[in-house]
Structure formats: C-alpha cells, structure tokens
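So the chains spell out like this:
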Amino acid sequence: MTDRELCRRFGENLRRCREGAGLSLDGLGDRANLHRSEIEKLENAKREPRLGTIIKVATGLRVSPCHLLEGLDASPILQETHRV
Amino acid sequence: MSDLTQHFAAILTRERALADLSVEELGYLSSMDKSAIADLERGQRLPRLDTIVKLAGGLEIEPCELLAGMKYRPGRLAPGTFEVTDEPREAREMTDALIILRRFGDTVKHHRQRLGVSQEEFGFRGNMHRNDAGHFERAERMPMLETILKVAAALEVSPCELLKGMSWKTGRLIPGRFEFEEIKPRPARQRSRQERPAGPVPGWFEIEGRRIPDEEAGS
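Here the protein sequences line up with chains V and X, keeping their order. Take the first sequence: its position 53, counting from 1, is numbered 37 in the working numbering, and each next residue is one higher. Take any residue in the second sequence, count from 1 to its spot, add 495: that is its number in the working numbering.
Hints are computed from structural coordinates only; laboratory data are not their basis. Please read these numbers as outputs of a predicted model, since none were measured by experiment. Each hint should be verified, as a subset may be incorrect.
Using 30 Å as the maximum straight-line C-alpha spacing, the simulated DSS-like pairs for lysine-lysine come out as follows [claimed, not checked]:
1. X:664 with V:25
2. X:604 with X:659
3. X:659 with V:25
Away from chain V, derived, C-beta distances all over 10 Å, residues of chain X [said to hold, decoys possible]:
4. 498
5. 499
6. 541
7. 563
8. 567
9. 569
10. 575
11. 604
12. 612
13. 615
14. 621
15. 625
16. 641
17. 670
Note that the Cβ used here is the ideal one computed from N, Cα and C, for glycine as well.
Work the whole structure out from these sequences, hints included.
Rendered as structure tokens:
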C-alpha cells in the first residue's frame, strides 16, 4: 500500500460514510465547518487530510474516526522500506 | 417584532405628549387616520417608512428621533472548537488545534514508553526523521494521514487508538437581534399653536428640498 493508496482508501471511506448518512457535500461541509471543495478533494484523493481535518469530518458524519481509517495500514510501507 | 412595536409605541406616545397634541390632532397634521396612530401607540403594528416620516413631520421632530434607542445587533459566526475527553475545562476552551495535538503527543509518548523504545528508535521504526517523535510529543506539528498511520504501525497500535476521544464542536451562526436602550426623558418643546384650517390640507414629503406629494393624504 503506497501513500497514494492510503489517500484513495480514505477518500472512498469518506464518500461511503457521507452517502450512507444521506449528506450532500454542502451538508457535511456545514456540519464539519469545511468548504465543500475541500471535502470533494479528500474524496477524490487530491489532498492528504491532516489530523484536525479527520476529526472534523468524523464529527460531521457523527461517526468515530475509526470508520474513516478502516482498511488503512502503513505497516506494508514500513516493511518495504526496512527490507531495502 | 413585538419588542420593536412596543418600543416604537412608547416613543410615539411620549413625543405626542411632549408636543401636546391629541391623537386626532396628530392625525390631522400627519395626514393619517387617527385609528392608525392609536394602533401604533398600542404597539399593534409596525410603522412603514413613510409613516415614520409623516409622524415626525407632524410632531416637528427629525424622523430619527422616533427611532431613538433602537439597534440591531448583527448575526455572527461562533467559531468551532476541537474537544478531547477528560481534559480540564480551561483546556477544553482552547480554540485552536493545540488541544488535539497535545492529546496525540501524549498518546504517542504513552505507547512509545510502553514499548520501551527511544525517540530515535521510534523514528527509525516509523521511517520518519529521528526528531519527529519529539515534535509530536511536544505538540509542535499537525500530523497528516500517512504519518498517523506510520506512527500507529511503529507503535503497534490501531490508528483509531491515536485519535481516541477527539471531536470537533461545530461552529454555528448566531442570528442578529434587536436591542433597545432605555427611553431617556427630555423636556417638552415650546410649540407655536397654529390656527387649524377647517378642512384637511394634504402634507408632502421633502427629499433634499425637493417636494414629493403624499399620494395617500386626503384620500
């Protein structure tokens, strides 16, 4: 899993949770105090989220941040690096 | 709305008393029906802009005097804040992200010490710079997604564990509202009593000296 892959998975989790909650980009933006374009960039893996953004988005979705990090694991990246 | 009509009613009643005019006389001078003035003084309706100007004319005062003490406080945005569980109250009220950075740093330090690894070794395990652990533990840097996951892997915990107890309190719009100052007493004015004409004489508006007919007067 590359770092690019991490962002892509995060974006997929975010979109799935948002659509599951029946929220539009604007709806989630209002709840999380983020601009809709920022949420869109996160969903499309055009931007890597910071800790604060992850917390804002999770709170806006009324889910634990764990849901957004589901299936994300950096261990393979580290193992790859340490093998070389 | 009702506070506003009540306040206007009180000012109008006072100004009419100071001018020593009856409801009927003010109606006559302002080309208005006396029942409309009575309604305003009972706080039963809001005056239109033209009504305010006409009443001020009849009372021989500036229109703004009928609006004395009324203010509108504009709406504002209450900013959102980060929160973490089990923090003392003063820490909860911090508005920037420092509160979650501190929590992140404390959790990192806790797990690093649990594993018994030095900051330097932690950096090596996470494929990060040797100083990174120190930066996080001193809440000096906002970690990004990849870093959070690397730190979790290096500390052998789930990424959730590092984000536990953090939340965001959404900012919201506080709507605007009317505010009223106490109505201050002021002395009665000397007013020249004029001979009243027998029939109604329509008044007019003036805008910068220009005469604008009052189309509703005398109808």
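Against the structure, the hints come out as follows:
As the CA atoms of residue 664 of chain X and residue 25 of chain V are separated by approximately 22 Å, the hinted pair is consistent with the 30 Å bound. The suggested pairing of residue 604 of chain X with residue 659 of chain X holds, with an alpha-carbon distance near 15 Å, which does not exceed 30 Å. A distance of roughly 25 Å separates the Cα atoms of residue 659 of chain X and residue 25 of chain V; the hinted pair therefore holds under the 30 Å criterion. At roughly 30 Å from the closest C-beta of chain V, the C-beta of residue 498 of chain X stays outside 10 Å, upholding its exclusion from the interface.
Consistency note on residue 499 of chain X: stated as away from chain V, and its beta-carbon is indeed over 10 Å from all of that chain's, at 30 Å minimum. Even its closest Cβ contact with chain V, about 32 Å, leaves residue 541 of chain X beyond 10 Å, as expected for a residue assigned away from the interface. No Cβ of chain V comes within 10 Å of the Cβ of residue 563 of chain X; the nearest lies about 39 Å off, and the non-interface call holds. Even its closest Cβ contact with chain V, about 25 Å, leaves residue 567 of chain X beyond 10 Å, as expected for a residue assigned away from the interface.
Residue-level check passed: residue 569 of chain X sits 20 Å from the nearest beta carbon of chain V, beyond 10 Å. Here residue 575 of chain X does not stay apart from chain V, with its beta-carbon only about 5 Å from theirs, under the 10 Å limit. Every CB of chain V is more than 10 Å from the CB of residue 604 of chain X (nearest about 16 Å), matching its label as outside the interface. For residue 612 of chain X, the requirement that its beta carbon stay farther than 10 Å from each beta carbon of chain V is met, with the minimum near 14 Å.
Look at residue 615 of chain X: its CB is around 15 Å from the nearest CB on chain V, clear of 10 Å, so calling it non-interface holds up. Look at residue 621 of chain X: its CB is around 7 Å from the nearest CB on chain V, not clear of 10 Å, so calling it non-interface is violated. Every Cβ of chain V is farther than 10 Å from the Cβ of residue 625 of chain X; the closest lies at roughly 15 Å, confirming the non-interface assignment. At roughly 5 Å from the closest C-beta of chain V, the C-beta of residue 641 of chain X falls inside 10 Å, breaking its exclusion from the interface.
No Cβ of chain V comes within 10 Å of the Cβ of residue 670 of chain X; the nearest lies about 15 Å off, and the non-interface call holds.
In this structure, the earlier hints numbered 10, 14 and 16 are contradicted, and the remaining ones agree with it.
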